[in-house]
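Chemist: Here's the letter readout for the chains.
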Amino acid sequence: MGKTIFDKIWDRHVVKIIEDGPSVLYIDKHLIHEVTSPQAFSGIEKRGAKLFRPKQIVATADHNVPTINQHLPIADQLSKFQVDTLIDNCKKHGVELYGLGHEHQGIVHVIGPELGITQPGMTIVCGDSHTSTHGAFGSIAFGIGTSEVEMVFASQCVMQSKPKVMRINIEGAIQNGVVSKDIILFIIAQISASGATGYFVEYAGSAIRALSMEARMTICNMSIEMGARGGIIAPDETTYAYIKGRPFAPKDAEWEIKLAEWKQLFTDADAKFDVEININAADIQPMVTYGTNPGMGLAVTGTVPTLESITDPTEQQNFEKALKYMGLTPGQSLLGMPVQNVFIGSCTNSRIEDFRLVASIIKGKQKDPNVKTLIVPGSQAVAKQIIAEGLDKIFAAAGVEIRQAGCSACLGMNEDKIPAGEYCISTSNRNFEGRQGAGARTMLVSPLTAAAALLTGKISDIRTMLN
Amino acid sequence: MQSLQKITSRFIPLRIENVDTDQIIPARFLKATTKLGFGKNLFRDWRYENDDETKPKADFVLNQKQYSGDILVAAKNFGCGSSREHAAWSIQDYGFKVVVSSFFADIFKNNALNNGVLPVTVTDAFLQQIFAEDADATLTIDLEKQTITIDNTGASETFDINAYKKTCMLNGYDDIDYLLSMKEEIAAFEKARG
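Taken in sequence, the protein lines are chains A and B. Reading the first sequence from the start, the letters are residues 1 to 467 in the working numbering. Reading the second sequence from the start, the letters are residues 1001 to 1194 in the working numbering.
Keep in mind that a hint or two might mislead.
[Unchecked claim] Which stretches of chain B does chain A cover? Using the computed rule of at least three CB atoms under 8 Å from a CB of chain A, they are:
1) 1055 to 1066
2) 1092 to 1103
[Said to hold, decoys possible] Here are some, though not all, of the chain A residues that point toward chain B, as calculated from beta-carbon distances under 8 Å:
3) LYS16
4) ILE17
5) THR85
6) ILE87
7) ASP128
8) SER129
9) MET151
10) MET159
11) THR197
12) SER206
13) GLY412
[Stated by the list, open to error] Capping the alpha-carbon separation at 16 Å, the derived lysine to aspartate or glutamate pairs in EDC-like fashion look like this:
14) B:LYS1191 - A:GLU19
15) B:LYS1166 - A:ASP20
16) A:LYS321 - B:ASP1059
17) A:LYS324 - B:ASP1059
18) A:LYS16 - B:ASP1045
19) A:LYS258 - A:ASP28
20) A:LYS321 - B:ASP1045
21) A:LYS16 - B:GLU1184
22) B:LYS1166 - A:GLU19
23) A:LYS46 - B:GLU1185
Bear in mind the hints are in silico, worked out from the structure with no lab data behind them. The beta carbon of each residue, even a glycine, is placed where N, CA and C say it ideally should be.
Build out the structure end to end from the sequences listed, making use of the hints.
Modeler: Written as structure tokens, this is what we have:
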């Protein structure tokens, strides 16, 4: 029987299978950041151990950094201490750090691919659930806890039970105005926030093949929002073209060797999946979430479910709790609802293509005067590219400020928070209670739908605004 | 890591589904560089009005005096979302030794096991039986036998845990000890793959 791409990569990285237990899985690349690494560094020191393979680790500061005046010392003392601790730890243990002010600094899941660190066939971990992003390159990438960060420090391995495999096939052409964020929000709305727990998901089909690398990253990024251990897309010409020439990409003769290896990374025709789901791309519309988990999403023109449509009493209770938090009523339409904030950023949608999409909508227009914006590039390199392409002028003319790179209002660890009770149309990945600030009401959308809200001050159907 | 063999305790029923780790420990408390003291901020925004410790929310179960114990019982998909191990640290630091649910998110389950907090997965029907009990009811979890029992009624279920993790938990070993002992094998693996 044939193998899935996931099996091929996994099997190649198993050092040992513990009987009736997990596998010891070798990790090629370990990405770290300031929030989930300090306790792992102190743990390893307490054991008197050394980092096993420090050269396979790359660090950046992203979760906790301000997005204005990054040349100044960080004002929040706790944040400053955490970022300084990362600097000290990296120096002490010989880990490469792209810290604040470094040209490679940025959100860990933006810089890995952008620098060519992320490559097909690798195993990649990071103390961050959105590590699934890197699966867009045909790698096995997943988020880990801090104990596991310490394990990788100690041994370059983690202990993992092999997950089951699911394939989601999306065939056909997507509608105009629909982008990859809508595809993944549609999938999660279909299978729920826990629908893929215990699985590693391969995304396949003609609609996936047609996507750019940035768009594929958006999809793999949100795999965790349906509970999946990770997402993976087999590499193809689009992947190779993206990687070629990037700072850490293989070069010359090594490129040819790697390319030949990467071309073997596909799911065999007779491979079996534990679950397969088929989706018709044409059914997908611009999406928006109405509740407090990413599975609570609907077409932007749709209506919030009614109480009667939910049969399970606990689910009904949770649905009511979510709607109360969001200030919405069952059965209502969302179209035309006023919003006070627009956040464009996060490891889901802060790459150059996302800014190009937004710029294409707001060009020559003005932002709605009642809307407050947080527009945050994913990396220093994205920020530079925005200027190189003149997109900064389009944003400035629309009355919109572009900030400096970081995770920002996606999780509200720094000052970038949404006020209690206000709505935020957000290109990020989580609409949990209080995620963007205590009492903040998040509605997840694509960059296009965010751009539409930025102009109108309302939840809008981007399809009515396209030429 | 603390070991755990058998526990009998009252429990705190959290009848909420999809409890994400942002609720367990909000991001603003992740600025710490140690594992200490997270318990006081467990479920912070569900526990207090406007982040004010003098204003506990009466409708939240951790604030209801009739409930206490070392076991947290939650509705399905507990621990979804962010990978932050701070969620497991805050649950442990608050004093919970066991979390019972009908479904756990993967990363949380690993994080809990790595911190000596036992995740016990029960069937939906059994979870409803636990939720139907009074505040003074107790549960007994026997890790060696892999059973969970509602002591009042004697209703019991077995739960899954892989043999390796069970041994770790029973003895208080952690994975890092194991991996450190494997270094030569790992180096040989590296050499073999080139």
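Chemist: When the hints from earlier in the document are held up against this structure, which numbers fail?
Modeler: 1, 2, 4, 6, 12, 14, 18 and 23
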